[in-house]
Each structure stands twice: as C-alpha cells, then as structure tokens.
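Chemist: Residue numbers (this note's numbering): 76 to 366.
Just so you know, these hints were derived from the structure itself, not from any lab.
Do not take every clue at face value.
Simulated pairs of lysine-lysine, DSSO-like, Cα-Cα distance not exceeding 27 Å [as the list claims (entries may be wrong)]: (1) LYS222 to LYS84; (2) LYS81 to LYS360; (3) LYS81 to LYS359.
Beta-carbon label-pair distances, calculated as ranges [unchecked claim]: (4) SER162 to ARG302: 49 to 59 Å; (5) PHE99 to GLN124: 48 to 58 Å; (6) ILE229 to GLU287: 53 to 63 Å; (7) GLY262 to LEU170: 12 to 22 Å; (8) TYR318 to SER251: 14 to 24 Å; (9) TYR318 to GLU220: 36 to 46 Å.
The C-beta atom is built at its ideal place from N, Cα and C for all residues, glycine as well.
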Amino acid sequence: MFHFIKLRKYWYILSLVIIIPGLFSLMVRGLNLGIDFTGGNILEVRFAQQVTIDRVRQVVENLDLGSGRNVQQSGERDFIIRTRPLSQEESNKLLDALQKNEGQVTLLRSAHVGPVIGKELTRNALLALLIASVLMVVYITLRFEFKQGIAAIIALLHDVLVTTGLFSIFQFEVDSAFVAALLTIIGYSINDTIIIFDRIRENMRVHRRVEELGELINVSLWQTLSRSINTVLTVLFVLLALYFLGGTPIKNFVLAMLIGVSSGAYSSIFNASPVWYDLKMMEKKKSLRTA
Numbered sequence: 076m077f078h079f080i081k082l083r084k085y086w087y088i089l090s091l092v093i094i095i096p097g098l099f100s101l102m103v104r105g106l107n108l109g110i111d112f113t114g115g116n117i118l119e120v121r122f123a124q125q126v127t128i129d130r131v132r133q134v135v136e137n138l139d140l141g142s143g144r145n146v147q148q149s150g151e152r153d154f155i156i157r158t159r160p161l162s163q164e165e166s167n168k169l170l171d172a173l174q175k176n177e178g179q180v181t182l183l184r185s186a187h188v189g190p191v192i193g194k195e196l197t198r199n200a201l202l203a204l205l206i207a208s209v210l211m212v213v214y215i216t217l218r219f220e221f222k223q224g225i226a227a228i229i230a231l232l233h234d235v236l237v238t239t240g241l242f243s244i245f246q247f248e249v250d251s252a253f254v255a256a257l258l259t260i261i262g263y264s265i266n267d268t269i270i271i272f273d274r275i276r277e278n279m280r281v282h283r284r285v286e287e288l289g290e291l292i293n294v295s296l297w298q299t300l301s302r303s304i305n306t307v308l309t310v311l312f313v314l315l316a317l318y319f320l321g322g323t324p325i326k327n328f329v330l331a332m333l334i335g336v337s338s339g340a341y342s343s344i345f346n347a348s349p350v351w352y353d354l355k356m357m358e359k360k361k362s363l364r365t366a
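Could you build all of it, start to finish, from the sequences and the hints given here?
Modeler: Below you can see the structure in the form of structure tokens.
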C-alpha cells in the first residue's frame, strides 16, 4: 500500500497540471457563455405537420444561430428555439429554412432576452458559492476544527477550477444548468470530505498515543477508500447513462457533473486531508519557533 501523505506532493502536482492550463484558458479564451449569460432571441414556432426535434436542431446548427441543444419541444407540433441575438433578416432566414426543410411553419412568439439576466445570474451564483463556503467552514469548525474547514474549502475550490477550466479549454457551452451543476458538485465533494475527516477524528480518539499524524491520516484514508470509490462509481454509472441516453438539453449539465464528481472524489482523498496535514505541520513548526 502506498502512503497518501508521503506522496502528497505528487497529488498536488497532478492537480496543478490540470488547473493551471484551465486558468490560462479562462484568462485568454474565457467561457463559452450561452444565451442565459449573453442574451439572445427566443422563438416559438408551430409546424403544420409533425417533425422531429433532431431535424429542427439540425436547421438551427446549419445556420450557425446557436447550439441545437437550445431547441426544445413544447407540444405535439410546437418548438421553442433559443438562439444568439438575431437581426430581423436572420430571424426571417431561420423561418424560411424551417419552412423549406420541414413544411409550413407559423411563428407564435418572438422575444429578445437581454444580458442583464445573465449578469444577475452570475452575481447570484457567486453569492451562493460564497455563502455556502462560509457556512461550510463554520459547520466543519464546530464539528471538527477550523483548519479542516480551510482544507475542505481548498478541495472545493479545486473541483470548481477543474470543472470550469476544462469547460474553458474545450469551449463547452456554459448556461444556467452549469451553475446548478457546480453547486451540486460542491455538495457532493464536501460530503465525501466530511466522512474522511470523521474517520480521522474517530481514529484520533482511539489512538491517543499515536504521535505521527501522517500515519493516522494514511490509515484513515485507506479505511474509507473502498467506500469513496464505490460511491463515486455508482454516481458515475448513472451520469454516463444520462449522458449517452438522455436528451440533448441536459448533456452539458451531465458533463459538468461527470467532471466535478470525479474531481470531487479525487480532491476529498488526495487533497483535503494532505492539505490539513500541511496546515497542522505549519502550526507545529510555528509553535516550536515561539517556544
């Protein structure tokens, strides 16, 4: 069995190998924001005959008006199409293309969505993330200790950076569902981290004479490893099924969850406890200097 704590520098390096390119991409290319953030047009159309949603999506993508995943069926012959901001000419071109390919089509509604909603959504998402982080630090401090709360937040930040970084590198579209995925990832990751911290606390109570904290953490991690792996695998199996068999509108949400859940399982095991160990060692060295 390898030693989690003694090899912690390698875990840190592996995390940085993924996070640094993602941060660079975020600074240079940014995120591929959907109309939830940038604004756009919403068109509701009705066809005279039944058509498949895949054919409607293909028309939208061929005209380069947005992602096909932004097309939703709202009735037997009704569809809601969300696109980037369109001029009147582009809107007419879309209707002409739909009629040419799919038959008679009637425009039921056409509306423009401004980017103000996107700014508000971004602000609320960051505020929710901040509030959640503060509350988690308070909870972990009360249940365990403050340094474990800091270590847990660092692990959560790792998961957020990995997910957003990969979405920036590969330019996957980011919409409101992506924000929901990030908040779900945070909840999953902190749960796994707390279980590991709880086992460490139990072992510290049983082995009060153990002086080497690194050995105790390593034993605790091995004791919870099978549970962590089994839990993440069951979640990943469901997410993979949703990704390949689910509808197009949820693909990016599921993809974010796949990345985040995998990163959360990794950070809970390989980052949270080692970071807490380093914080404890820094405290010990500081106390020795002042003694």
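Chemist: Each of the hints needs a verdict: does it hold here or not?
Modeler: Now the hints, each set against the structure:
Between LYS222 and LYS84 the alpha-carbon distance is near 19 Å, which keeps this suggested pair within the 27 Å criterion. Of the supplied pair hints, the one linking LYS81 and LYS360 holds, its CA atoms being roughly 18 Å apart against a limit of 27 Å. Among the hinted pairs, LYS81 with LYS359 is consistent with the structure: their alpha-carbon atoms are about 18 Å apart, no more than 27 Å. Taking 49 to 59 Å as the suggested C-beta distance range, the pair SER162 and ARG302 conforms, at roughly 56 Å.
For PHE99 and GLN124, the hinted distance range of 48 to 58 Å is satisfied, since their beta carbons lie about 50 Å from each other. Between ILE229 and GLU287 the beta carbons are some 23 Å apart, a value that contradicts the proposed interval 53 to 63 Å. Between GLY262 and LEU170 the C-beta distance comes to about 43 Å, which lies outside the given range of 12 to 22 Å. Evaluation of the 14 to 24 Å hint for TYR318 and SER251 yields a pass: the beta carbon distance comes to about 19 Å.
For the pair TYR318 and GLU220, the beta carbons lie near 39 Å from each other, so the given range of 36 to 46 Å is met.
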